[in-house]
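Spelled out, the chains give:
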Amino acid sequence: MNKWFNRHLNTLMYTSGILIVTGLIFRFAGYTEVMNVTFILATLAAIGPIMQKAWMALSMKSFSIELLITIAVIGALFIQEYTEAAIVTFLFLFGAYLEKRTLRKTRSSIQSLVDMAPSAASVVRDGAELEVDIDDVEEGDRVIVRPGGKVPVDGVIVKGRANINEAAITGESNLKFKTAAAEIFSGSVLDSGYIELEATKVGEDTTFAKIIELVEDAQEKKSGTEKFLNKFANYYTPSIAVIAILVYLLTRNLHLAITFLVIACPGALVIGAPVAYVAGIGNGARKGVLIKGGEIVDNFAKIDTVIFDKTGTLTEGRPSVTNIQIFDDTDEDEFMKDVAEIEMVSEHHLGQTIVTEAGSRNLHPDKGNVSDAEAIKGKGVSGALGNDNYIIGNQKLMDDYDIAISRDIRVRYVREQKEGNTAIFVAKNGKITGIVSIMDKIRNDAAATIRAFRGRGVKNLVMLTGDNRHAAKRVSDILGLDGFQAELMPDDKMKYIEEEKAAGRRVMMVGDGINDAPALAFADVGIAMGHGGTDIAMETADVVLMGSSMEQLAHGFNISKASYRVMLQNTAIALLTVALLLAGVLYGYIHLASGMLIHEVSVLLVIVNAMRLIRLKDRRTIAAELREGVG
Amino acid sequence: MKTKLQTETFTCPSCIKKIEDNLKKREGIEAAKVLFNSSKVKVEHDAGEISPDEIKDIVEKLGYPVLDMKSV
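Those protein sequences? They're chains A and B, same order as listed.
Sequential numbering of the first sequence, starting at 1, is according to the working numbering.
Sequential numbering of the second sequence, starting at 632, is according to the working numbering.
These aren't lab readings, by the way, just hints derived from the structure by calculation.
One thing to keep in mind: the hints can contain errors.
[To be verified] DSSO-like cross-link-like pairs, simulated, lysine-lysine; straight-line CA separation at most 30 Å: (1) A:K495 - A:K473; (2) B:K633 - B:K701; (3) B:K656 - A:K227; (4) B:K673 - A:K105; (5) B:K664 - A:K210; (6) B:K656 - A:K201; (7) B:K656 - A:K222; (8) B:K633 - B:K648.
[Unchecked claim] Residues from chain A that keep clear of chain B, each with C-beta distances beyond 12 Å, as calculated: (9) N165; (10) Y235; (11) N253; (12) I403; (13) I573; (14) A583.
Even glycine gets a Cβ: it sits at the ideal position worked out from N, Cα and C.
Using the sequences provided together with the hints, build the complete structure.
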């Protein structure tokens, strides 16, 4: 029965509409009797699905608006208000139809993501290439992707090279050139070239599948306001029923009581908040900003303090060796090889930079030559090469080992730092033999993002870093931050956030998803740079920037603020409509049909209001489009 | 076993509870969650006691045509 109504909903609506128009024509021709018959038929055509839904909700022990309509329509037929009955049922079906269509629009932002998912893959099996369904690709399969094709699984390129569009994953539409050994994500599109890849993650495990699942879950998570509204509606509907009975008992006017009952339904109230969040979260997801739920949108919108991690967040996180100073007669390549071999134990990006530098000089550093290697958290590394003991790290580490730093070396060290480098001491057998300088470029979009936050009323923008004071000061000065704290350990960052929170600030922490996880979890809103979707970033943070760009951060903030504002507007529209309508009913200005019309209009108004969020763009996109328009 | 069903677009929030409650009552179903906005039903179940097709039947009988089904 339910299915039948679902399938023929539109037909029933059209039938009812045509019958009403026919009835009106007969009325103008003077045949009131015929009009009454067509109106009754129109009511009967449209009431079916409404009664069905009312019954379903009732069997779940909940009062629905459909139940109220059913009562009202039966009442209207009873007091021979056929016009009202016909128009109310028609309007309700028409409203539901429009609601369904517009709701589909607010949900479409995530749907367009889902549609990007590939459905088939070309796989090489037993030496032959064959087309298989996406679900039949297995880990370890060799997959072929050609120009225009979608990458079907996560994998590693084993052959070929290509320009790849990763917009579905990172929201960044600039092409990336990838070649052998590069990681590649499902959902990205091969623009030109040819690749063969080995599948590492398939089906539900791919980054793309996880993004979709995360966004779907996020759209379900209710914010505090929504939970409140749902509870409110649960009490509101029965109490309106009670008030309507009281109105009837007091006035003995059944018509008035029924009108009151129908008009008071909180349609726009129930739908106003969720549509705002669904549209906002969907918009973010398409641009590579994953916001994990309505509650997060609210918190994000209310932020007044932003704490940035430095490396990999404000800076590119791809540091390079800028200067090498050696204080004994060791050859530069030999020196770098030794240092790199010790640093291989370190997972810190500075250590990795030295190893990479040695690699690009074709020095082939080998971990096997080192004994007793150890990474000292926040300070550096130590280890032995043959009979030589190495201590490599910052000043704190040198102090810990009581290694003397001469005046001359100290001057050099400070000079490197003042230029914005991170300088690392290399000590061999208790004596400093060199300084390696490393620099990390500030991101292009960092300054603009910080201005954007300031422009939107964020008062306090600070940077916390484990790096040295001079390097931190330079970044802070260039970007015009309100302050910075340098040479911090991971738990110092947490302490700082705790103090800010205790001072009543609403704190957002932006960091690397990997090493800032505790601080991210501790802040009111934790934002992680996703680096194309690492699992840790996607799990710990409240918001993940899939493209790891500062611009996405600004867009996320804009969209959260806009969604929150739309949610408040919608709640206001809904409450105002109900209040005005009820007053209108009690004073006799508004009747059932006109009230129903206004009610439906208010529901559509809140949905259309939320639809603005789907197309909300960041300023750069708007500027680019304007330029295109002019050109 | 996890089964994910894609249904026709949901329009009434009260159908969430109906589907979830109906599924949870069945033997062999450990958890059931309806995603309203994406019109999906996620079910964790013991494949020995109840098969994905039986779950599909339940959801369809409640009045929500299933468009697509995936089991892991």
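- Item | Hint check, failures only | Those not satisfied come down to hint 6.
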